[in-house]
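Peer 1: Residue strings, one per chain:
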Amino acid sequence: MGIPQSSEYYLRTYRHGDEADLTSLFDKVFKYFIGFVPRTPAYWKWCIQSRPNLEKEGIAIVANGDNIVGYTAIEKSGNILELCYDPSCEGKTIVTMLLSWCVEYVNRHGGNSIILNAPAQDDITRQVCRELEFSEQPFANVFGALFLRVVNFPQFLGKIVNQKKNEKKGFNETILIKLREVPFWCDDHVILRIRKGRIAVLKGKKVRPTITIDTDISTISLCIYGSPRRLYGEILKRRLRIRPFWKTPRAVKIFSWIQIRNPWYIPIADLPIPLE
Amino acid sequence: MSNKMSKESKYSFRVLTSEDEDEVMELLKNMSNSSNEFLVWKYKLNPDFDPSFAVVAINNGQIVGCTFWVPRCLKISKSTAFRATFSTDAFVHPDHRGHGIGRNLVAFENKILENKKTIINYSVIKPDLAKHLQRRAAIGLVALPASTLVYKKYLNCSIIKEKVSLLNTIIESNRKLRAKLTEMNVRMLFRLRGFPSFLIKIGPDKIHIEEDDLSSPDLKIESDFALLTYIFKNKNILNLVKALLMRKIKFSGNILRAAKLYTIFNYLRQAHVIDIVLR
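Protein sequences appear in the order of chains A and B. Its first residue numbered 1, the first sequence is counted upward by one per residue in the working numbering. Its first residue numbered 1, the second sequence is counted upward by one per residue in the working numbering.
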């Protein structure tokens, strides 16, 4: 199997100075994802170029004239550290060119396999991988799952709420969140006050709440990262208790509003683990 | 900043210093099977690495455990990012495990995170290890919903060849198994997504693997390499039944031969040969 040719795009190797374009393409493509490290030329140089097992020839770029529209970085052993393409261009052609080049590169260096991780919602990469006979499995089966732990819950909630402050929702509530199983350094009471479009996250207990939520830190974290369905599940399992009960629909609405729905994605380049 | 576990405790905890570097590197090298070159890249060359986030456990002046957390900026949406840390390594020397060192390392690390105004800590962890950590030290550790896929393609059969050669070594030293194999003469063709097609010939004296001559198989198995590996490693018969019912694994060929094959597979399983090969 050879590398497909395109009249519009061509493949080339990395040239000194490309890193600024590569990092801006990466940040543009993955800006909606949680988990990856925003790229700077210094970080990119560390996580890609100075990585052991990566040769200078292990970086392939697809360009259209002077514009970089896709690139990949692969170790001799077959681990694709990053694969990125501009979705506004012909994604399928670019990904096919890059992956076919990777197969040829690993074959040339005597590697046994190629491994790539990509967002599940990236249909183009999925389609090309299927056509090139790649097998597919969840990230957790190979590397493990991405675990988060909130160290400072009031600050965490404050930042999320702040990000949403421009979305007018017309809530007027004072919510007291009572947290169980909280680490000793953390406040176990957090107040979320929403009044006339203003939102504040406060510490302490001295308020007269309109809604009280009694839960533990794992459940509330899961409800913030997870889907709205999870929220109902936790209420039914009584891991998240809302008082007065009749305010449950209102609390659910507020939770759905603050939920983080962006999917997460970590390229292999961001995982400082020894790979096969 | 330093801390003692209790009055009687023989362990103390403190932030990593430049004098500890060689000792910690040696410990990491032994515990993580990483090369020196890899560790130098991971920590010394890392522009984000800050030794004040690394904690060591000391016993009689020797480092017996450590945790390394790298400060990072964690994006949670297009415009919002958190001050976070990424856990890269956590080790306790095998001779000192079971004394609560891991729990105390994490507790000490938490104090550092609090002082440095870190909001989130994240890491990629195997789920069974995460359960253990959650119980012991890391309160509030939650897994994010899966949204990343791994695509894998094997370019040659070397991994299967290694397993077959290991199996043949076991067969050679096991007379009973050899006798069972003489009754067999089965050709199984595997067409697996993510793997080159190959044929396994069982018997009469040993197991052979063919990559070129894939003709006249008695049994044909079509599936996905990642799925088959997952089913074998988890040893859950329900997963196999589910995959068969959903036609994710397709068998075709001589059913009587398949039954015979099942008997030998069962024997291999009872003799723990399958476990050895899968290890």
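Hints listed in this document are in silico derivations from the structure and should not be mistaken for laboratory results. Given the structure is predicted, the values throughout are model-derived calculations rather than measurements. One or more of the hints may lead you astray.
Pairs of lysine-lysine residues, derived as PhoX-like cross-links and limited to a Cα-Cα distance of at most 20 Å, are as follows [what the hints assert, rightly or not]:
hint : chain 1 : residue 1 : chain 2 : residue 2
1    : A       : Lys196    : A       : Lys164
2    : A       : Lys159    : B       : Lys117
3    : A       : Lys159    : B       : Lys78
4    : A       : Lys164    : B       : Lys44
Peer 1: Indicate, hint by hint, whether the structure satisfies it.
Peer 2: For each hint, the structure was consulted:
{"no.": "1", "hint": "A/Lys196 / A/Lys164", "in the structure": "holds, 14 Å"}
{"no.": "2", "hint": "A/Lys159 / B/Lys117", "in the structure": "holds, 13 Å"}
{"no.": "3", "hint": "A/Lys159 / B/Lys78", "in the structure": "holds, 13 Å"}
{"no.": "4", "hint": "A/Lys164 / B/Lys44", "in the structure": "violated, 39 Å"}
Hint 4 from the earlier list is the only one contradicted by this structure; the remaining hints agree with it.
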